[in-house]
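**Student:** Listed here are the chains, written in short residue letters.
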Amino acid sequence: MKKVFEKPKSLTDVPFTYCPGCHHGIIHRLVAEALDDLGIAKDTIGVAPVGCAVLAYLFFDCDIIVAAHGRAPATATGLKRVKPDNIVFTYQGDGDLASIGTAEIVHAANRSEKITVIFVNNAVYGMTGGQMAPTTLEGQITQTSPYGRDPKTMGMPIRVCELLSTLNSPGYIARVALTKPAYIVKAKKAIKKAFQFQIDGKGFSLVEVLSTCPTNWGLSPKESNEWLEQKMIPYYPLGEFKEVF
Amino acid sequence: MVDRLLMRGNEAIGEAAIHAGCRYYFGYPITPQSELIAYMAKRLLKIEGATFVQSESELAAINMVYGAAAAGGRVMTSSSSPGISLKQEGISYITCAELPCVIVNIMRGGPGLGSIQPAQGDYFQATKGGGHGDYHLIVLAPSTVQELADLTIKAFDLSDKYRNPAMILGDGLLGQMMEPVEFKEYDINSIPSKESWALGSSHGREARTIVPFNLDAGEMEKINNRLKQKYIDMQKEAECEVVNMDNPDIIVVAYGIVARIVKTAIQKAKKDGINIGLLRPITLYPFPSAVIRENVHKAKKILVTEMSMGQMVEDVELAACGKAEISFYGRTGGVVISPVEILEEVKKLLK
Amino acid sequence: MAKVIIDRERCKGCELCTLVCPHKIIVMSKLFNQKSYHPAEQIDPEKCTGCAFCAMTCPEVAIEVYK
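Residue numbers (this note's numbering), protein chains in the order written: chain H, 2 to 246; chain S, 853 to 1203; chain X, 2 to 68.
Next up, chain H with everything else stripped away, as it sits in the complex (with noise of 0.2 Å):
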């Protein structure tokens, strides 16, 4: 017999850090899937956020460096300007992203700078125990909405994709989500096609991917799965935003 799955040589042997359930492990694979898919392991540089996912640089088998907190499409940018030849990827979540991060992404979405954005939409801060986050849904309850996200007070989730779309600039924008094999074969085809769309020199790419978080969402790993289908993904529907180059 051959083996026919295996774990992806751009990533290290170290065990992920992340919860039990937590979709960040299936997503480092799907990257790392893509970089060995592409054969571009050896020649990209990753950009770690601050946030759960800080821990990258132990489990990506490339060059990485850890940006300040929502910083990191500005690191790229200073990154991919100098080696325009490297891959540049930056992984970041919906804390460093979508909240204090929203002018580095938006502006390096509007300059198309060519670097890859993975971002991880996970509906809350993660790392720092389950506050919200711009991408908490409305009644959501979280540490810092205890009475659930109140839209008069807290306003509504962000929803990135759709932001970035309406820009003029060049890129590639998709959601996708892990809940079912179905689901992840689409993910990994976008991922695919994002670092693609960089190494063809479009522009900006961007996927979104809908993540779990079992422990601040308070759910089992399975429940988790179902809240996420029930509830964001109606909030946030899957599918491809934008392709213009």
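To be clear, the hints were calculated from the coordinates, so they are not data collected in a lab. A hint or two may mislead.
[Claimed, not checked] Anything over 12 Å on all C-beta distances counts as not near chain S; from chain H, calculated:
| no. | residue |
| --- | --- |
| 1 | 146 |
| 2 | 181 |
| 3 | 194 |
| 4 | 224 |
[Said to hold, decoys possible] Reference listing, derived: stretches of chain H covered by chain S, where coverage requires no fewer than 3 residues with Cβ under 8 Å from a Cβ of chain S:
| no. | segment |
| --- | --- |
| 5 | 45-59 |
| 6 | 73-79 |
| 7 | 102-112 |
[Stated by the list, open to error] Which bits of chain X does chain H cover? Going by a derived footprint, with three or more residues having C-beta under 8 Å, they are:
| no. | segment |
| --- | --- |
| 8 | 15-28 |
| 9 | 39-45 |
For glycine and all other residues, C-beta sits at the position ideal for the given N, C-alpha and C.
Following the hints, position chains S and X against chain H.
**Tutor:** The following block gives chains S and X in isolation, referenced to the frame of chain H:
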């Protein structure tokens, strides 16, 4: 032949940076340094392989510098006081990550939005570390347009030598004034290679990481100890100009543009039979404490004068270790001290 | 014929693989691993078709698939 040009201070910084091989610049408009960002746009956009980015904020700019430096680029950013405040977190990251870069602060009146006239109110921020954690920048204080150019080049070299950000601490007057400036020969091939640590392709080598943090306190302390050793090694770079110090009636300590104003006061004072000595720190970090200490006994009175409420004066007092009576005269908000004011202050002290 | 190998120590007992196996042949072991999780394990290996759904879903990259 070295060409001698009449240039505005801000642009002299830009030309010097390019002269020293800087090919990456990330900046944001702010008075009184906007001519520098415009100059870098004009020049770098015409140089093959160079990059100019006007970022969305000074904060984004320093984080772009962080990435460019991590990739081994000779990189610079510039701003003025409020913009430099926005860069502090990024500067702390870059210093912790031990990456070289040059940061130019053309100071203006503060605090708050302050004013757009020249000032020196960012001394503490620059020399004591304006961001979080124990760290220092190499801080160089030019007082002429020629020095703006020379010290910018020196900043790049020192920054590479110590793998630590270096700051040019100028002010709006220096930035806006025009003076002749020469750009001496500079061998770009002498720039140290960054291949041993810069991020990029990892073919045939282990993957590298630049991680300015550690969740293990002991390991984080090791990073701090490494930085500390660097700052100890850096002390030998301290530089101080000593003027008219053979038996002065009083010693004035001043840096940057104020030191030039003191030089005018020195000439005026001679007509009144008063001999003023001047100590002009050129490196504000490492602070030239030894030179101060060696000279304070040469006069009974020391006058420190700055365009601030008194910041460098504290370092002078520390250096003098109580061996001299130190007084201070300052103007703030962007008001420029005049030579006459300094002379009057000197006369008051010598009464 | 196909089979999967589950790295007992890397598994965190999240059970996601058990939900996607089309043949319901992945269950949670009664035993503990070193981190005191009940790791996933395959039963009735002859029913495995090597579809790799379990491996795709595993957040710990703990499953290898052979076909």
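**Student:** So residue 224 (chain H) supposedly isn't at the interface. Is its beta-carbon more than 12 Å from every beta-carbon in chain S?
**Tutor:** Residue 224 (chain H) is indeed farther than 12 Å from all Cβ atoms of chain S, at 30 Å.
**Student:** Counting residues of the segment 15-28 of chain X with a beta carbon closer than 8 Å to any beta carbon of chain H, are there 3 or more?
**Tutor:** Check passed, 5 qualifying residues.
**Student:** Far enough from chain S: is every CB of that chain over 12 Å from the CB of residue 194 (chain H)?
**Tutor:** holds, 23 Å
**Student:** Closer than 8 Å, Cβ to Cβ, for at least three residues: run that test on the segment 39-45 of chain X against chain H and report holds or violated.
**Tutor:** Since 0 is below three, the answer is violated.
**Student:** Please confirm whether residue 181 (chain H) is truly not at the interface, meaning its C-beta sits more than 12 Å away from all C-beta atoms of chain S.
**Tutor:** holds, 33 Å
**Student:** According to a criterion of three or more residues whose C-beta lies within less than 8 Å of a C-beta of chain S, is the segment 73-79 of chain H covered?
**Tutor:** Result for this restraint: holds, n = 5.
**Student:** Please count how many residues of the segment 45-59 of chain H have a CB within 8 Å of a CB from chain S and say whether that reaches 3.
**Tutor:** With 4 residues close enough to chain S, the hint holds.
**Student:** Is the Cβ of residue 146 (chain H) more than 12 Å away from each Cβ in chain S?
**Tutor:** With a cut-off of 12 Å, residue 146 (chain H) remains clear of chain S, as the shortest Cβ separation is near 27 Å.
**Student:** Count residues of the segment 102-112 of chain H with a Cβ under 8 Å from any Cβ of chain S, then say if the count reaches three.
**Tutor:** It holds, with 5 qualifying residues against the three required.
In terms of the numbered hints stated before, the structure departs from hint 9 and from no other.
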